[in-house]
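Make a model of the complete structure from these sequences and hints.
2 protein chains.
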Amino acid sequence: MEYREQYDRYVSAVEETIERLLPQTERECPDVDGMIPAHLCKTMRYSLLAGGKRVRPVLLLAACDMLGGDIEQAKVPAAALEMIHTYSLIHDDLPGMDDDDYRRGRLTNHKVYGVGHAILAGDGLLNYAYECLLQNAMGHEENLKGHVLAAKAIAGRAGVSGMIAGQSLDLLSEHMPPDLNRLAYIHAHKTADLLTAPLLAAGCIAGADDAQFKALSKFGMCVGLAFQIDDDLLDVEGDAQLMGKRTGMDAQRGKMTWPALMGVEASRAKSRALWSEAEASLSCFGERAWFMHAFAGQLRERKN
Amino acid sequence: MEYREQYDRYVSAVEETIERLLPQTERECPDVDGMIPAHLCKTMRYSLLAGGKRVRPVLLLAACDMLGGDIEQAKVPAAALEMIHTYSLIHDDLPGMDDDDYRRGRLTNHKVYGVGHAILAGDGLLNYAYECLLQNAMGHEENLKGHVLAAKAIAGRAGVSGMIAGQSLDLLSEHMPPDLNRLAYIHAHKTADLLTAPLLAAGCIAGADDAQFKALSKFGMCVGLAFQIDDDLLDVEGDAQLMGKRTGMDAQRGKMTWPALMGVEASRAKSRALWSEAEASLSCFGERAWFMHAFAGQLRERKN
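Protein sequence lines, in the order shown, are assigned to chains A and B. Take the first sequence: its letters are residues 1 to 304, numbered as in the numbering used here. Take the second sequence: its letters are residues 1 to 304, numbered as in the numbering used here.
If you're looking for bench data, these hints aren't it; they were derived computationally from the structure.
Identical copies look the same in the list; a pair holds intra-copy or inter-copy alike.
Listed below are the simulated BS3-like cross-link pairs for lysine-lysine, each with C-alpha atoms no more than 30 Å apart in a straight line:
id, residue 1, residue 2
1, K53, K270
2, K218, K303
3, K53, K255
4, K42, K255
Written out as structure tokens, the structure is:
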């Protein structure tokens, strides 16, 4: 099967699952237990259905396929991961964080619904992700331990020693001198951890062995870091005509970048090395890794 | 054993567990996997260790004891529930929500650390609650299903058809005419659900039967609603000397209250009926419910 076709099939599976887990409700004070009030539901759906590329859930489904796991068991965890990614974007956009008015060409959640409701939409998506993960685990009691481990892997990578740790350091960094160690920490946790989470979760559901977990973890980390370095390089190349020398901070965004801290050439070399390492880490999966190879290639070319 | 002595023992168990799960770290970019960055850790601890009465975790431990369950298995879920309660307070205090500068006589989290870090402290506590619940579940594999059901019960009551649903309606209500159905919904979900959560979680861990679950649920809901009605009555009695007639909204806070919507006498009668119903729901537990009876009595007298 062609890569694009397969990617679209994964995306369809994710969209269907999201729609099943979070359909628009109608009543503000539902009298049915477990029903979500209409407005809260709307605020969550606004951002969750904002047309992202579904990179993280696709990674989860693809890794599950690669490992020979049961894709049916992986659909809810994939959707839950997209909920977690979406909540982090809603909260990142808030005043006091990045304070953004637009995301992907649409007004941010708090610009449409107000700050209070945006905070709750984010909280709601985060909590609902775990509610869905736990519900799904109970629906697959034959693989309960695998699902608990998957949820735990997601919680670890999304949480206070994962993505949230990266966000916290990123925010703190605004008042600190640039530092390469810190930049690496921020990118490893703010970005790469949430790309590794779906791979590890798939491993837990499909019963991967230690060598496979190690390879999945390596692939996620390398792809995540390489993507971030390329992002910084693209920014620099875009800014190069406009600006002169740099000082370790990206002048436009007030943030540290790889090229500013280690130079453009060294950044390019590091990116190349990481993409190669990502590809190499897939060797233990043989031909079953065809989609992952193509995925990494597309991500590198920014075609996903 | 005396009630107060037992209460203090439960609180000590909760405090020790919190300290074990979330000790203050020292490094901003920890090189150890799973370590929380120092500043993020500090912001989470600031609110988690702000000296609350630990009502919800105490309920969880007490219910576990009442059901003859293993208290060791319940300590982490109890601490996780306090994390969830604390995150909800941090986010409730933010600008865009209640915008409060003080809570329990101390500056609110965002007044000390800024809005961005307070949002992350809240997100961190919520996510870490589930991380701890899942870690704890894996540590008790002999009762894995019980722990997954406990985490699911907590997620359900804390989430988008539970506490967050109540918060959302509460916020939305500011722009709506007063309505008794909506007020009941808000209090049932914003307050009572997070009192019911520990009781149901304890039931899952201790393997309660259907009748016991029904009784626990009833007790939590009655106590939560009665407490809220009394809260509104105390507000009215405090305001009575200052103000004249009321219009369905609490003039001071711009929020709906029970006495304003159904009258003072009817509110008092409803409160009395709910406290009685709460007591009656404990009958199936016999003498093992001595602490729960005392707990309800103390809560009613506001002595916890």
